[in-house]
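Kindly generate the complete structure, drawing on both the sequences and the hints.
976 is the number that my numbering gives to position 40 of the sequence shown; each next residue is one higher, with no gaps.
Hints are computed from structural coordinates only; laboratory data are not their basis.
This structure is a prediction, so every number in the text was calculated from the model and none was measured.
There are no misleading hints in this set.
Calculated lysine-lysine pairs in the DSBU-like style (CA-CA distance at most 35 Å, straight line):
#1 Lys-1410 x Lys-1434
#2 Lys-1357 x Lys-1369
#3 Lys-1434 x Lys-1477
#4 Lys-1445 x Lys-1501
#5 Lys-1369 x Lys-1501
#6 Lys-1216 x Lys-1279
#7 Lys-1254 x Lys-1477
#8 Lys-1434 x Lys-1357
#9 Lys-1434 x Lys-1447
#10 Lys-1033 x Lys-1204
#11 Lys-1068 x Lys-1078
#12 Lys-1357 x Lys-1482
#13 Lys-1183 x Lys-1478
#14 Lys-1204 x Lys-1194
#15 Lys-1320 x Lys-1410
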Amino acid sequence: MEAWQFSPFQIAYITSAAISLFLAFVVWNLKPINGSKIMASVLIALWLWMASYSAQLISTSLSIKLIFIRFEYLGLISAIYLWFIFIVYYTEYKIFKKKWLLITLAIPPLATMYNVLTITSNHFFYKDFCLKSYDGLILLTKTYSTGFYIWTAYGYFLLLASLFLVSYKAISMPKMYRKQILPIAISATILIIPNILYIIGINPIAPFDPTGLAFLLVAIVIIYSLNVQSFLNAVPIAHNVVFKNAKMGILILDEENKIVDTNPAAEKIFKCDKKDNLSKAIETILPEFYDLQKLLAEKSDSVIEVNLGQKNIDYEIKIAELKKENGIQYGSIVMLWDISELKAAFYELDAYAHTVAHDLKTPIGHMVSYANLLQNIDSNDPDKDKMLENIVQGGLKMTEIIDELLKLAKIRSLDAKDAEKINLDTLIPGVVKRVLPDEIIDSTIKSPNNWPTIFGNLIWIEEIWVNLISNAFKYGGAPPSIELGYSEVDSFYNFYVKDNGIGISNEEKMKLFTEYSRLSKHKHNVVGHGLGLSIVYRIIKKMGGKVWVESELGQGSTFYFSIPK
937 MEAWQFSPFQ IAYITSAAIS LFLAFVVWNL KPINGSKIMA SVLIALWLWM ASYSAQLIST
997 SLSIKLIFIR FEYLGLISAI YLWFIFIVYY TEYKIFKKKW LLITLAIPPL ATMYNVLTIT
1057 SNHFFYKDFC LKSYDGLILL TKTYSTGFYI WTAYGYFLLL ASLFLVSYKA ISMPKMYRKQ
1117 ILPIAISATI LIIPNILYII GINPIAPFDP TGLAFLLVAI VIIYSLNVQS FLNAVPIAHN
1177 VVFKNAKMGI LILDEENKIV DTNPAAEKIF KCDKKDNLSK AIETILPEFY DLQKLLAEKS
1237 DSVIEVNLGQ KNIDYEIKIA ELKKENGIQY GSIVMLWDIS ELKAAFYELD AYAHTVAHDL
1297 KTPIGHMVSY ANLLQNIDSN DPDKDKMLEN IVQGGLKMTE IIDELLKLAK IRSLDAKDAE
1357 KINLDTLIPG VVKRVLPDEI IDSTIKSPNN WPTIFGNLIW IEEIWVNLIS NAFKYGGAPP
1417 SIELGYSEVD SFYNFYVKDN GIGISNEEKM KLFTEYSRLS KHKHNVVGHG LGLSIVYRII
1477 KKMGGKVWVE SELGQGSTFY FSIPK
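Shown next as structure tokens:
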């Protein structure tokens, strides 16, 4: 009949096993954040280790002890390997997260487990083992062999590597974050030192393994970290994934308003390097800070708009206090959102509404007036056909306006498509024929004999030439004289359309490519709705080029645009 034995130390091992299983349950049910499931697996492996070691101590049978020692090593080996994997994921060292590397690192643990499973038939892990009595307890004694020392060295390598990764992460992070990552380093140290003492024979609780008891201390550290230091919660996961990748600029300040951390977006906003600004006062890069802080305190709204002196860049800024549970402030967080594009969008929307209202109001008014007159006019009146023609022309004009607005909106919504080869030798003559006004019969157009073959979106390229050449006819002299050409500058083609019109003033050049703007001197005598050049600007911007104009009053205008080769 199987004999059982008991020692007060077994209570500690059973307690360690119970605590590890409880913590595994707690961690497993945390939010699905980076590393939580792996940490739970580590705790389950520790439970198997402690529970098997305790069961092995209770039994006095060699065969039963050998069964439990196999489960003990399964837990031990798994715990150490999974601990390293957890550290890799928790500290976000992507270089170690490659599958081939993790599989390679798993080979020694798998080989060790095989040697443990076959300890009765080979002597690579243990030279021999037997039962001996220590103060009335029947314990399993082992004589270690090569396989044991290889595994021990490898296990220490994984533990020390994880300790190094955690320590390096803690050093590289701001001071206020280090206290959240420090418990992991303490946990690894607590497990390593007692195990070393046990193996080299300096064991205060011989013949028992103190490593399992050391886990009681680790459990206390983990419980403290989960409840107080937000372990497995915000850092370094949030720091790596959210903080560093946030599009908004973020500055972390301590209680003295000194900079302790900045994210890449903030460094770009302030054109500074994080290393150069750590521990500096916030006013060194944001002189308006205290005025903004005061203004925010006075406003009911927690966000205000600010211009930091950079050209055409406006920001919304929010300053939030960082407080402990007792309400004591230990720092601040400054967040800045670039709203320049949003403001530009609002401006364009307002201009869009103004243009639609203004340009559609006139033809609609005329159509309504003519329709009212037709109601009261005699059917044989000779003016009837003219009125109907005016109504038709008004409808066509409205359609043209709407088509241009829709075209502009479509260009905004599209991304640059895959480039295709475009033969300008056939494209440009076709555009000239398409836009040449019927009433102009005495115009001259100069053009190169050979155009380069370019790559781009055919519809976009054609739209550019249509707008520029049609404008040259509209705003050119009487008769119009137009010159088309190109040059090569570095990795760009520079194309141009030159007319012999009355030219453009410097003031008008500044707003020439703005949506819905038309030159004042041409507004009343030329058909157009102020959208053509804005369409050209949008297309060329999407293609990675630029557009500009050179002009002097009385000497015509030359419109240039560049696109990558």
